[in-house]
Amino acid sequence: MNNRNYIVPTILATFVHLVVVFIIAGHWFDHAKPEHKVARQIQAQMIDLASLSLPDATASQQVTENRNQQAVQQEQQRQEQQRQEQQRQEQQRQEQQRQEQQRQEQQRQEQQRQEQQRQEQQRQEQQRQEQQRQEQQRQEQQRQEQQRKEAEQQRERELVAQREAESRLKAERERQAAAEAERKREQELAAQKAAEERKREEEARKAAEEKQRQEAAAQAERQRQEEARQREAAEQQRRAAEEKAKAEAQAAAQAAAQAAANAVIGDIGSYISAMLTQNWRIPATARNGMETVIELHLMPNGEISDVRIIKSSGDAAFDRSAEQAARRTERLPRVAEVEPLLFERRLRRTQVVFRPEGLRW
Amino acid sequence: MVRAIVCAFVLTMSTWVSAQLVVEVTQGVDSQSPIAIVPFEWRGDQALDEDVARVVEQNLERTGFFKALARENMLSFPTAQSQVFFRDWRMSSTDYLVIGRMESVGGDQVRLTFELYDVLKEQTIHSQQVSGSRTNLRDLAHYVSDILFEQLTGIKGAFSTRLAYVTAESLGPDRQRFRLQMSDWDGMRPRTLLESSEPILSPAWSFDGSRLAYVSFETSRPAIYVQHLATGQREQVQSFPGLNGAPAWSPDGNQLAMVLSKDGNPEVYVLNLSSRHLERITNNSAIDTEPFWAPDGRSLYFTSDRGGSPQIYKYNFNTRAVERVTFEGNYNAAGRLTQDGRFLAMVHRGSSRRFQIAVQDLQNGRLDILTNSDYDESPSIAPNGTIIIYATQQGSRGVLGAVSIDGRVRFNMPVPQGDVREPAWSPFLR
Amino acid sequence: MRSTNLSKALALAAVMAFAAGCGSKSTKTDSGAMGSDAAGGAAAYGSGTGSDVSGGSWADVANLRTVFYFDFDRSVVRQDGFSDLEAHARYLSRNPSASVRLEGHADERGTREYNMALGERRAQAVERLLIVNGANARQIETISYGEERPAVSGNHEGAWSQNRRVELKYVSR
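Going down the list, the sequences are from chains A, B and C.
According to my numbering, the first sequence holds residues 1 to 361 in order.
According to my numbering, the second sequence holds residues 362 to 791 in order.
According to my numbering, the third sequence holds residues 792 to 964 in order.
Some hints could be false.
Mimicking BS3-like on lysine-lysine, the simulated pairs with C-alpha atoms at most 30 Å apart in a straight line are [what the hints assert, rightly or not]:
#	chain 1	residue 1	chain 2	residue 2
1	B	Lys517	B	Lys482
2	A	Lys244	A	Lys211
3	A	Lys311	B	Lys517
4	B	Lys623	A	Lys311
In silico negatives: residues of chain B with every beta carbon more than 10 Å from chain C [stated by the list, open to error]:
#	residue
5	Pro400
6	Phe447
7	Met452
8	Ser454
9	Val491
10	Glu511
11	Leu532
12	Ser544
13	Met549
14	Leu555
Since the hints were made in silico from the structure, they are not lab data.
Cβ coordinates follow ideal geometry from the N, Cα and C atoms, glycine included.
Just chain A, with the same shape it has in the complex (with noise of 0.2 Å):
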């Protein structure tokens, strides 16, 4: 009976205890007086004095300066770079792929040519038996045939490359055009176009040539002046139509053709970029807001052949290291895939802002 007196009070008076404990705890916590600002710890590397005396000791500890946001910052920029990279050698080796599939197409019109030459020089023995009356005219005329086909090679090759050209920019345009994702596949089908385009038209070309060698074997006896004349005639014309499809090809493939030149020297920029950051030693007597240009003078293959600074910050030490890290990176090895003209046009010489950003001072 007793307890059931007792049972209210007690919880009136544990809710009253919680209730006053909740209200000064409340303003507890509201008060809580935030910590100080704390300064940084910057961790120093110990040089340790016994060991400079002491040959063997020479490791020591790494300077890891605590640079908290920095080091996001950082890890965001290098995640960056590395998705460029990547996207980078992507490019780089679908360009690769055009290349080789190039290079073996040129090898084997270099086998084919060889080929040619020696049934022409097995038949030239043939004639020489059979013919020696007329020997010397059709060694003149056969050099004119190997001179013309050569050249007809060669701008056929021409051709080759601008077509090769107009694809990769009409790859390059449906690149931009894409969503990121789709770009990689349509390269690829481009590419791929591209590569049966010429295969096809290699084709065609054998075809072609495998025929005028047979009747060129056919009529060498007969009637080789009046043919030759006749060919020539319709070569010159065949030129005539070629140079005027060409000059409209040009007209139209010119601003294109700037506009991926660009982007390929973006491209090297931030690579030329990446590569001095590496080699950049920053001098402790750098800080925000210092800036030196320096002028690399490139070679073809990359090689930086002389480093000029054009532009002092006032700091000696500052700009030695600009021009240190030029001289310390050596070669741009990827410089030597630009197209010739490019390299000559916009990269032989290049500057180099190095503007320190992020100091402590």
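We have chain A already, so just place chains B and C on it with the hints.
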């Protein structure tokens, strides 16, 4: 109209297109410059007492700006330009190379010819002949270090400077021996300026390096003395009842700031040494102490607990206004400024509750803690502002530590016997 | 805001009262413990509080506490030293030829010159108490040794607490 626009567009496009590539680099590697100091050749009969190249190497490395190539990693030991193969040095990732040869030039004089090379550019940066006394080869080494440091960094070297500091030795119960010492910047070649059984503290260099002010209890009361280093002659400048402490020189060398409690409470005063006029600077019921003159002479920094905890304040001589300088942490004291007046080094205690050396950038208020032990005190800055020397503890002994002002490199000074404390870095001498 | 502060202050006061209750007990045991360190201090404490006799003779002073301790970065004389200091003051007021030297000390944490000032302030705090209780300022000399003369060496609170002190020394009786 349209054609004009198209033309303009094409023109700008073409100029832009044919423009040179400009690359920007804003990040780099944050590390010391690798340098190789090849042992100097000695053309003489008796071996020399000091390895001059080694002293140079240690000097440069202790600044935190350089990393020296270990001798066992050197592929060759050239002593003349004809023996230098830059490829070799490049392979061992060396940016700078120093070679030299020494010879006797009669009497006890020796001459050192040295060359500094830029390995990457394969060029001589500097070459010079210096001579000095054979018995003071460290002077020669410090001098060469000064030259090299300035050539490489553009900052005047402070290797030919001196340190003053106090040592204390226990000679049994209640008996102690205090010494005021002076040494090279690296703690070598110490000599005693004053010895006493009573405490000595707060040595302070005049800005021209000719005089040292300090506090000595030799009369069983604290008094401030000024000692002329050239002659050893000294005078007692102040001894009031109570506290006489913390002397600090004005940049013109004519005034001495100090702390006196003659008016009842530790306050900062300025004494004119020629007119003997004494002026009270602070007037506060709290502790005001540790004055330090700003290098421009226009203000005086000091420690005060007027805000409840010791913090550093700044007194402006023109406006007579006092302004609080430090805000982070609950104990900031013993402020010392760099010569350019930009950085304030101090003893700092923050949330870690340890006494550490910290540097505040007075331009942006940023505070960086440079040291990592529990009881670091008495910071003193090299005249070129690159290194801070301070008192710290190794085990239970007081030793001197040094830290580069950017916190990248720390090292301890060689320890003589006893407790070492209260280092004071001299200004540039000579 | 007001009410929160009030409640906080009340709570604090309660805690303080409680702590003081505990503290007074512990100080007694503390000073007892210190007494065993500083020969006969405990006995001096007993006689100092116990004897209500006028205290004009040297014998009354000889056994009083002469070392007074302080909290970190503080220069306020703790209450447990008041009675002994009053007794010293009484002796000084009755013996105008007697004089004392008050040596202020600090523990070794913090900078030397700041500690020098802190030692000075501690000595001055004791001096004020003596004067308030009848001693003449001319009888008293203060000096600070800062952290230069620690009583106990070591980097722990045990040592530090014994180094934060003012030592009262009779120069003449």
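Do the hints match the structure? See the list:
A distance of roughly 24 Å separates the Cα atoms of Lys517 (chain B) and Lys482 (chain B); the hinted pair therefore holds under the 30 Å criterion. For the given pair, Lys244 (chain A) sits about 27 Å from Lys211 (chain A) by alpha-carbon distance, which is consistent with the 30 Å threshold. Under the criterion of a C-alpha separation no larger than 30 Å, the hint pairing Lys311 (chain A) with Lys517 (chain B) is consistent with the structure, at around 24 Å. A C-alpha spacing of about 61 Å is found between Lys623 (chain B) and Lys311 (chain A), which places the hinted pair above 30 Å, so the restraint is violated.
Taking the minimum C-beta to C-beta distance to chain C, about 42 Å, the non-interface status of Pro400 (chain B) holds against the 10 Å cut. Annotated as non-interface, Phe447 (chain B) keeps its C-beta farther than 10 Å from every C-beta of chain C; the closest such distance is 51 Å. With a least CB separation of 49 Å from chain C, Met452 (chain B) remains clear of the 10 Å interface cut-off, as annotated. Taking the minimum C-beta to C-beta distance to chain C, about 43 Å, the non-interface status of Ser454 (chain B) holds against the 10 Å cut.
Its beta-carbon lying about 40 Å from the closest one in chain C, Val491 (chain B) satisfies the requirement of being farther than 10 Å from that chain. No Cβ of chain C comes within 10 Å of the Cβ of Glu511 (chain B); the nearest lies about 33 Å off, and the non-interface call holds. Leu532 (chain B), annotated as away from the interface, keeps every beta carbon of chain C farther than 10 Å; the closest lies near 14 Å. Every beta carbon of chain C lies more than 10 Å from that of Ser544 (chain B), the smallest distance being close to 20 Å; the non-interface claim holds.
Against the 10 Å criterion, Met549 (chain B) stays outside the reach of chain C, whose nearest CB is about 25 Å from its own CB. Its beta-carbon lying about 15 Å from the closest one in chain C, Leu555 (chain B) satisfies the requirement of being farther than 10 Å from that chain.
Checked against the numbered hints listed earlier, the structure breaks hint 4 alone; every other hint is satisfied.
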